[in-house]
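Engineer: Going by my numbering, the first residue of the sequence shown is number 1381, and it counts up by one from there.
For the record, the hints were derived by calculation from the structure and aren't laboratory data. Please note: incorrect hints may appear among the correct ones.
[Said to hold, decoys possible] Result set (DSBU-like, lysine-lysine): computed pairs, CA atoms no more than 35 angstroms apart in a straight line:
id: 1; residue 1: Lys1592; residue 2: Lys1467
id: 2; residue 1: Lys1494; residue 2: Lys1467
id: 3; residue 1: Lys1592; residue 2: Lys1494
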Amino acid sequence: MRSDVVRLFQTLPHTCGYYAERTAQNLVIDPSSPHLDQLYEIALSRGYRRAGGHVYIPRCLECRACIACRIPVNDFIADRSQRRCLKRNADIDITVSAARYNDERFDLYQRYLKWRHPDGGMDDAQPDDFSRFLYTHWSPTRFIEFRNQGRLLAIAVTDFCDSGLSAVYTFYDPDVCERSLGTFAILKQIEIARQRGLAHVYLGFWIDGHPKMDYKMRFKPIEILRNGVWATRQA
1381 MRSDVVRLFQ TLPHTCGYYA ERTAQNLVID PSSPHLDQLY EIALSRGYRR
1431 AGGHVYIPRC LECRACIACR IPVNDFIADR SQRRCLKRNA DIDITVSAAR
1481 YNDERFDLYQ RYLKWRHPDG GMDDAQPDDF SRFLYTHWSP TRFIEFRNQG
1531 RLLAIAVTDF CDSGLSAVYT FYDPDVCERS LGTFAILKQI EIARQRGLAH
1581 VYLGFWIDGH PKMDYKMRFK PIEILRNGVW ATRQA
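Please construct the entire structure, taking both the sequences and the accompanying hints into account.
Structural biologist: In structure tokens, the structure reads:
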């Protein structure tokens, strides 16, 4: 692979998913590149993110709010709330499985979207949406499944790269919100990364002051990418 020949595309302007009054654009690595599987890990370390078969980074004309963040797993120490979360979910069985569609997984995905994004355009997901959004033929994706007495409670869609795990998406049963399964999934991804000798868990983008993004800063220490350099964010 010649690393100096990589085509990038700028998407058309679209409504921002976090600030409805703003316009967003993404910079996308050529999705037809035969080397996308090799480029992905390099791109991840440079702040890119995967959604389906697209590897992208926000490049908005008038906004730079989205900042890539990652957890250095060897330095991470769970706080009191996170330790309570681990204890609360000690009865959950965890397995790492191939990223595949089945009716059980899709039913959970549908229920989560209907609860999380009512009337938002994502609440009428079809089977093709499940596969197209969560994984692709070249991605190193696994489903981390969380079960209690055989019942599927959550899935953490995770890319297993050589240098770290990328937390792509997590969906869970809305009936067990008290378990804080989103937090629990990240804690378990950190644990799996440690077991495998991987350096980081990538959490995608963080927006300072946005209520949907605050949870990422609770995992400390956490590194953010500014001007091409990863550095620990100071409290």
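Engineer: Check the hint pairing Lys1592 with Lys1494 against an upper bound of 35 angstroms on the C-alpha distance.
Structural biologist: 17 angstroms, holds
Engineer: Taken at face value, is the distance from the CA of Lys1467 to the CA of Lys1494 at most 35 angstroms?
Structural biologist: This hinted pair holds, its Cα atoms lying about 29 angstroms apart.
Engineer: Would the hint linking Lys1592 and Lys1467 be met if the CA-CA limit is 35 angstroms?
Structural biologist: 24 angstroms, holds
Of the numbered hints stated above, none is contradicted by the structure.
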